[in-house]
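Whole structure, please, built from the sequences with the hints as guidance.
Chain by chain, the residues run as shown.
2 protein chains.
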Amino acid sequence: MYEDVKISLENLKNAFDILSRENSEKKNKFLRKLAQRLDESRDYIISENNKDVQRARELKVKESLVDRLVLNDKRINEMIESCRIVENLRDPVGEVVDSFVREDGLKIYKIRVPIGVIAIIYESRPNVTIETAILALKSGNTILLKGGSDALNSNRALVGIIKEALDDVGLPRNAVELVEHTDRSVVDYMLKQREYIDLVIPRGGKALIDYVVSNSRMPVLETGAGVCHIFVDESADIDKSISVIDNAKTQRPGTCNAVETLLVHKNIASKLLPKLKELFDTKRVEIRGCEETRKIIDCNEATEEDWSTEYLDLIISIKVVSSLDDAIEHIKKYSTKHSEAILTENYSNAMKFLNSVDSSTVYINASTRFTDGGQFGMGAEIGISTQKFHARGPVGLRELTTTKFVVFGNYNVRK
Amino acid sequence: MYEDVKISLENLKNAFDILSRENSEKKNKFLRKLAQRLDESRDYIISENNKDVQRARELKVKESLVDRLVLNDKRINEMIESCRIVENLRDPVGEVVDSFVREDGLKIYKIRVPIGVIAIIYESRPNVTIETAILALKSGNTILLKGGSDALNSNRALVGIIKEALDDVGLPRNAVELVEHTDRSVVDYMLKQREYIDLVIPRGGKALIDYVVSNSRMPVLETGAGVCHIFVDESADIDKSISVIDNAKTQRPGTCNAVETLLVHKNIASKLLPKLKELFDTKRVEIRGCEETRKIIDCNEATEEDWSTEYLDLIISIKVVSSLDDAIEHIKKYSTKHSEAILTENYSNAMKFLNSVDSSTVYINASTRFTDGGQFGMGAEIGISTQKFHARGPVGLRELTTTKFVVFGNYNVRK
Numbered sequence: 001m002y003e004d005v006k007i008s009l010e011n012l013k014n015a016f017d018i019l020s021r022e023n024s025e026k027k028n029k030f031l032r033k034l035a036q037r038l039d040e041s042r043d044y045i046i047s048e049n050n051k052d053v054q055r056a057r058e059l060k061v062k063e064s065l066v067d068r069l070v071l072n073d074k075r076i077n078e079m080i081e082s083c084r085i086v087e088n089l090r091d092p093v094g095e096v097v098d099s100f101v102r103e104d105g106l107k108i109y110k111i112r113v114p115i116g117v118i119a120i121i122y123e124s125r126p127n128v129t130i131e132t133a134i135l136a137l138k139s140g141n142t143i144l145l146k147g148g149s150d151a152l153n154s155n156r157a158l159v160g161i162i163k164e165a166l167d168d169v170g171l172p173r174n175a176v177e178l179v180e181h182t183d184r185s186v187v188d189y190m191l192k193q194r195e196y197i198d199l200v201i202p203r204g205g206k207a208l209i210d211y212v213v214s215n216s217r218m219p220v221l222e223t224g225a226g227v228c229h230i231f232v233d234e235s236a237d238i239d240k241s242i243s244v245i246d247n248a249k250t251q252r253p254g255t256c257n258a259v260e261t262l263l264v265h266k267n268i269a270s271k272l273l274p275k276l277k278e279l280f281d282t283k284r285v286e287i288r289g290c291e292e293t294r295k296i297i298d299c300n301e302a303t304e305e306d307w308s309t310e311y312l313d314l315i316i317s318i319k320v321v322s323s324l325d326d327a328i329e330h331i332k333k334y335s336t337k338h339s340e341a342i343l344t345e346n347y348s349n350a351m352k353f354l355n356s357v358d359s360s361t362v363y364i365n366a367s368t369r370f371t372d373g374g375q376f377g378m379g380a381e382i383g384i385s386t387q388k389f390h391a392r393g394p395v396g397l398r399e400l401t402t403t404k405f406v407v408f409g410n411y412n413v414r415k
Numbered sequence: 001m002y003e004d005v006k007i008s009l010e011n012l013k014n015a016f017d018i019l020s021r022e023n024s025e026k027k028n029k030f031l032r033k034l035a036q037r038l039d040e041s042r043d044y045i046i047s048e049n050n051k052d053v054q055r056a057r058e059l060k061v062k063e064s065l066v067d068r069l070v071l072n073d074k075r076i077n078e079m080i081e082s083c084r085i086v087e088n089l090r091d092p093v094g095e096v097v098d099s100f101v102r103e104d105g106l107k108i109y110k111i112r113v114p115i116g117v118i119a120i121i122y123e124s125r126p127n128v129t130i131e132t133a134i135l136a137l138k139s140g141n142t143i144l145l146k147g148g149s150d151a152l153n154s155n156r157a158l159v160g161i162i163k164e165a166l167d168d169v170g171l172p173r174n175a176v177e178l179v180e181h182t183d184r185s186v187v188d189y190m191l192k193q194r195e196y197i198d199l200v201i202p203r204g205g206k207a208l209i210d211y212v213v214s215n216s217r218m219p220v221l222e223t224g225a226g227v228c229h230i231f232v233d234e235s236a237d238i239d240k241s242i243s244v245i246d247n248a249k250t251q252r253p254g255t256c257n258a259v260e261t262l263l264v265h266k267n268i269a270s271k272l273l274p275k276l277k278e279l280f281d282t283k284r285v286e287i288r289g290c291e292e293t294r295k296i297i298d299c300n301e302a303t304e305e306d307w308s309t310e311y312l313d314l315i316i317s318i319k320v321v322s323s324l325d326d327a328i329e330h331i332k333k334y335s336t337k338h339s340e341a342i343l344t345e346n347y348s349n350a351m352k353f354l355n356s357v358d359s360s361t362v363y364i365n366a367s368t369r370f371t372d373g374g375q376f377g378m379g380a381e382i383g384i385s386t387q388k389f390h391a392r393g394p395v396g397l398r399e400l401t402t403t404k405f406v407v408f409g410n411y412n413v414r415k
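In order, the protein sequence lines correspond to chains A and B.
Each residue of the first sequence is one higher than the one before, counting from 1 in UniProt numbering.
Each residue of the second sequence is one higher than the one before, counting from 1 in UniProt numbering.
To be clear, the hints were calculated from the coordinates, so they are not data collected in a lab.
Keep in mind that a hint or two might mislead.
Below, a list of computed lysine-lysine pairs in the DSS-like style, where the Cα atoms sit at most 27 Å apart [unchecked claim]: (1) 352(A) with 283(B); (2) 333(B) with 6(A); (3) 26(A) with 275(B); (4) 110(B) with 333(A); (5) 332(B) with 107(A); (6) 6(A) with 206(B); (7) 6(B) with 110(A).
A quick note: this is a predicted structure, and the numbers were derived from the prediction, not measured.
So this is what it looks like as structure tokens:
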């Protein structure tokens, strides 16, 4: 049972021995080759992807989901661009992150090294195949990909192209392997292979993530949902605040770093909310307000469920709070620990918010939309970690490494 | 069932809200108070410990295990000294570990913050109670302690003293909680409390660690066994090599960083081994050699099992290998990824060994005995991590923190 997956895992482990010791030069050459091969294989990719798309349409899958599945020239261009971006990122492998030189001259360096075999379990979007593979490979890891069954033909084509590009530059083609089984129990099998898999990254909805966390024997890097909050303190600049809230809600509402709940200090609510409503009406943003909000502006009623909902849409819930502490309490109760912001001119309140809110990213006077590997100068990311262990916030190349100590001695002995 | 543990967990979560935001000043004051209270409570501690010791003797527990249980003036002095050491360590909370300032002036700082509620599951030695508690508390975490049932009275006394010291300085006494249930199923219960426990650290034998890894729903920090290797390359200085091997084996054989297997290049074996045997005979170190070793010196035969055995004793297994590659292969097969060393004068071989051996610490020309938080300048440690995720090698204060991004803006919006 799943003997082929076991063979893939053996291959990945052996390939890691080679890839983990490669310099950036060859890894970057691979990324250029991959970009070239993706460009040359457009017709092939699109025709293989078409099989998946047709099958989805036959199965009457919702058109919005079919859209996520589609690969076209534009999306292939994005993949090629990703290769170029990752090629230009500095390779973290070998970076010294800490050092200590002892009195006896022993030099202790803590350096970054690749993690090992990384399993990525994801749903639908086949462009994730390229995005995650290139980040994992550039940081010296090998990867087992388990994509959605609905994208099997697309993923098979893309993984084939990655293997060819690895081959082109003399890197092991087994540094990437695809799980082609489409049943759910192959995931259970994968999650037990602690001997082979060093890290598993689920990319998808909450159900998938919860399942992986509950059943995995190996470390999990969780990239979770974002119920992000902005708190407008009484001292905030109203016009600037509105521009930040607008940006956080409407610039790209379908992303995990978009704001979902606005908390407004009661002493600024009557000035801020009417102006905000005016703007949001023109942008067709639905407001769901608490009782106090509804005394000030005309809007729908927010239910208990709203406070924990990630809308990913042009909807915002608004609550009037009587103090900074109330805002912090609300966030503590409902936040998914992704990104939260305070808008204020009060220094002490700003610092208290920073110290008290336990989320991956906490902002003073800025839009939550910045929580992103690209915006944070990391070049690219595999997701936003909302857990606390190993990596928190945007996960880029560095977060796909671990460390080891290398020690340079002169036949030193311990006294 | 286990309602009291649930209440402890609620308490710990609330205490974390307070402790995680405390400055070092109060935490250090707590450590001074704790040292003072331990000193003043010697009679009480020893009499409570006596109950555990007597019970163990009644149960005919082996005297070597009873010895691990005993608290006496010397061991209490060591606990007090630990408080002083940890007090003097720099508090990692708030340290900026990375930063990025955007073109638009947005300042993105990645800072260290405490992890949360840490559960520590350990066996026997009650001094672990103090050692782990003070490291976890100094780094701003709160802790759930589950000690061995054989040390319950001792642990209850020590945790009581910690709580008093917390109280003395105005820190929440619920920042540390003891699980008093002695059945095994309370561990299962703990390992499911993902909502409350952010990290679990098993300290004990392989069976305990494996059990926790297999059953835990939350991240585990593994501190594993050490089957450590030294490879003597053909170009090594023989006398200096012998002094390093001697140090690694005999300076404190019962520790996880002591060497267990010596790999000797065939071109140096006939010169090195007789000298080593001469020394080890005087020190009563038992040698278990491979066939080639036994052609050169008179010693017991190493079986297949020896290569994967952590002796923790005055025993060493020796294998003659024909190349650096053979040595690396042997290590890959048998190492527990703790610490390995090469002794050589050949630069390229040294660098190849460093790059190829995937262990927490890899040495050139030094004893494996240095793998230790104290020796590495970390002041104190909670153990040596032999896993790859989050922390690898000695686990000190910094490794008991995670990070978050704090972002200072000027009403910045994303374009």
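Taking the hints in turn, this is what the structure says about them:
no.: 1; hint: 352(A) with 283(B); verdict: violated, 61 Å
no.: 2; hint: 333(B) with 6(A); verdict: holds, 18 Å
no.: 3; hint: 26(A) with 275(B); verdict: violated, 46 Å
no.: 4; hint: 110(B) with 333(A); verdict: holds, 24 Å
no.: 5; hint: 332(B) with 107(A); verdict: holds, 24 Å
no.: 6; hint: 6(A) with 206(B); verdict: holds, 25 Å
no.: 7; hint: 6(B) with 110(A); verdict: violated, 39 Å
Checked against the numbered hints given earlier, the structure breaks hints 1, 3 and 7 and satisfies all the rest.
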